[in-house]
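Protein chains: 2
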Amino acid sequence: MVSTKKADELVFLPLGGSGEIGMNFNAYGFGPAHDRKWIIVDCGVLFGREASTPGVDLIMPDIRFLAERRDDVLGIIATHGHEDHIGAIAPLWPMLKCPVYATPFTARLIEGKLEEAGLSSSLRVREVPVGGTMKLGPFSIEFVSITHSILEPNLLAIRTPLGLIAHTGDWKLDPDPVLGEVTDRAAIEKLGDEGVLALVCDSTNALVSGHTGSEGKVRESLEALIGTLKGRIAVTAFASNLARLDSIARAARKHGRRIALVGRSMHKMVEAARDCGYLKDFPPVMDAVEAHDYPAHKLLYLCTGSQGEPRAALARIAEGNHPDVRLAKGDAVIFSSRIIPGNELPIYELHNKLSALGVEVLTEQDHFVHVSGHPARGELEQMYRWTRPRIAIPVHGELRHMAEHARLAKSLQVPQALVPANGQLYRLAPGPAELIDEVPAGRIHMDGRVLVAEGEGLAKSRRALAHAGFIAITLVLDHKGRRAAPPAILTEGMPQPVKDAVRRAVDDTLERNRKAQPDDLMENVRRAARRAASEAWGKKPVTRISMVEV
Amino acid sequence: MVSTKKADELVFLPLGGSGEIGMNFNAYGFGPAHDRKWIIVDCGVLFGREASTPGVDLIMPDIRFLAERRDDVLGIIATHGHEDHIGAIAPLWPMLKCPVYATPFTARLIEGKLEEAGLSSSLRVREVPVGGTMKLGPFSIEFVSITHSILEPNLLAIRTPLGLIAHTGDWKLDPDPVLGEVTDRAAIEKLGDEGVLALVCDSTNALVSGHTGSEGKVRESLEALIGTLKGRIAVTAFASNLARLDSIARAARKHGRRIALVGRSMHKMVEAARDCGYLKDFPPVMDAVEAHDYPAHKLLYLCTGSQGEPRAALARIAEGNHPDVRLAKGDAVIFSSRIIPGNELPIYELHNKLSALGVEVLTEQDHFVHVSGHPARGELEQMYRWTRPRIAIPVHGELRHMAEHARLAKSLQVPQALVPANGQLYRLAPGPAELIDEVPAGRIHMDGRVLVAEGEGLAKSRRALAHAGFIAITLVLDHKGRRAAPPAILTEGMPQPVKDAVRRAVDDTLERNRKAQPDDLMENVRRAARRAASEAWGKKPVTRISMVEV
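Chain order of the listed sequences is A and B.
With the numbering used here as the guide, the letters of the first sequence map in order to residues 932 to 1481.
With the numbering used here as the guide, the letters of the second sequence map in order to residues 932 to 1481.
This list has only true hints and no planted wrong ones.
Which copy? The list can't say, so a pair holds if one copy fits it or any two copies do.
Distance condition first, Cα-Cα at most 20 Å in a straight line; then the derived EDC-like pairs of lysine to aspartate or glutamate:
no., residue 1, residue 2
1, 1446, 1480
2, 1391, 981
3, 937, 1003
4, 1391, 1240
Just so you know, these hints were derived from the structure itself, not from any lab.
Keep in mind the model is a prediction, meaning the values are calculated, not measured.
Modelling step: build the complete structure from the supplied sequences, incorporating the hints.
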């Protein structure tokens, strides 16, 4: 089918989350090419890494394509409240200034972030009830309850005049999520009966066979495990996993232990859940100060810091410098969480520091204390059977997960499976799905407090500094280009013998270039310094030179 | 028992490997405190990491305590040829200048490294036959064959007048190692009968229950898997695991495929093994250029780069820029290796790049293609039953592994279990084991080509550069301390608005400090620049200032 400029089209545009687990950002457009209306589903962040993006806290999608069309962007809809789905709303919203929609608990979390960003007077999140529907221009959106590792995860059924899209968000099929709604299986099956054009679906666990376990089973296992421990217990888990916190709290109560919350996000999440009417039967909590007077065997700390974050509660406890919590021989820490890839070394370091205190460390490697929130292959198969889409669109995954997800979909006889990259604009209807354009896409770094395009190379230039340090040379010349004073050489990150070699090379070069033009002189000195470092050290520092005329 | 200065003592001193998996370095001393003779068992490296030690290739133990006594160091004995056991011999040997002993294959690998370091004329490794014995002063050392993931791993039975030490090196109990000797169980049981004072033992897998699998089983599985694949196959494995290479080569031959070796260390290791009389039945190999003419289904590449090393063969193949190897849709890559903790992200990136080429990626997560080379708890229990030591000394582990290993030993009724830290000097006999001293210990970085003590903080200072960049300011003053020219400001790694803010702050400060003394002026300008960056950016760059007088 040939695209005509005037006919309505339904298009799909991922700007984040295709090629990475995180930074989810998908847009759907409807209308003819010259007059398309857009909705955005999720607007999340990735977290920066010291090795690859040093000094960068958050990574966000480059949304300039939509920012340039912001009058046609009808709204941002959040499927659920995890950072990789809502974390970029506050930083990027000023470029879009469109309404934001979410169910109550998710809305509460977004508003907390807007408040921190000083945006709460500009933007109120519009609440959609759990199981509710809303309309945005040509899009009619139904929130279908599903299960995940947070309260109020939603599959979005997005109806358009050209077909129905089922956008799963993050999900698993948990028969016993212990808190919040169960999966609305009937509603999803009805979508299948109605006819699903495209299933846009979580790929995180597409390499994992079988079924992800249930929170209900983790609850039982945690209750048994906590019963076997005698001293103080600290449990660390993702604070947003309220079902897990509830399970831990109930296990504590069952074994005569009071709960103390340690870490800001524990307090924040429990409060947000309560404000939204959840956790009605949650045991009373103390803060860490009140817990001082409690005997060890009557106490359980719920701590932030399961990923080894250096400023979180558990890291400070392990360092022995938390103001209110001390753990020692006879105590135990349960990591009721998985290791997010890339966090292995800081987490193992935390394990080691706790071991050094004599604390027993229990993790999912040796005890059943965690389940994933994403669908393994068995659950993906179930979802495809329910929805029977014409097009499978894997998202929320690295390329390998998406490719495997697409293979799985084809093996289930889905007629078409795409493996979209960020910035690829696909027409989903009319006609078979087709790549019709590539729009600007990429990553934006929150570098300190400044937004910087990844392509500007700031983080990359700092990696070069981390590798081989910096040489800054200032030459002082008179107005005839003659040396007026010795050069100033400032270096950082280099061994003394290398510094000495650089100093000698600069002096020698100045000596040999008495008659050179200033520009040549500068370039010769810069090169000589770099070469001298390289010869003495085997590494080439970043070398900059400036000239001052007196 | 009170230590007397004159009586003979047997002491144990770990300088590496206690608290980390890698950088193994243990010393045993015998004699009265004032006249002790030392032997060193293993002298290995850790590999640097971009996040924690940017620009550092290798990390080695600080051995100054033994270097100061080098006349009393009788020799270095290598248990086996892995980098974390022999990699520091060449860089550290000039500080010790003692003989080095190893079995033939290990000696061959050490000599290769001495040659690279230009040391082969100064030092010849003294070969000890497999199963052989040697004597060094009061120490009599027997090499007992055991199994691991390299040729010729040895348990050392170290006999002294005050007792027998069983030093395991790295090991597992593999009933079918497919290449090299099987574990000399009879010899180990005989040590137990003779009476083992201390078992100094590998802790790597002390958190893993059961038994580590056998190379023989991996061989069967790889043979079956390779038979199912149709296109080109590339297998990546640790080049030092010759048994694995042999299994892969045999599977290839069985399925009518010729082997091509890709990557320098593959060639080196196969050659070393052949020189030592192994791999007699290894199929003929090609290099990658010869393989050009071979049809896809008749070819198997054995590649370096299983850990995602950016310059290794597999990374270059995945980037599409290897000069001789191209993989595409229909081809497959088998990762016959584990992920060394900390390498997750580069390895996943490699998986993704291969997926992008359409190449199928098979790993130990989805297929049985790898077994560990270290003893799980079942094997540790077996070793304790055989040797029945009076003292258990866990080594080769992070603190958590060592602590768990010690708990296991106590549960097996070993009377004493130590958890030594690097630099702790333990008396093992006479009397119960006791910490008697702490000697200087720590880490030395191979930073570029220069050895630098970790404590000097070079890598740490470069991490600060990676976080927030660098500001170098040079003030040009006349001999009365008045400004003679505008300041030179060189920055790196900072966004433009931050640079602008720094420039303004420097100018303002100079303006306001016209009458300040040069030292005060410099300090005021430095602080103002740093503060301005912090206010504009939320991060504090490393800021250095110099002054030139004209």
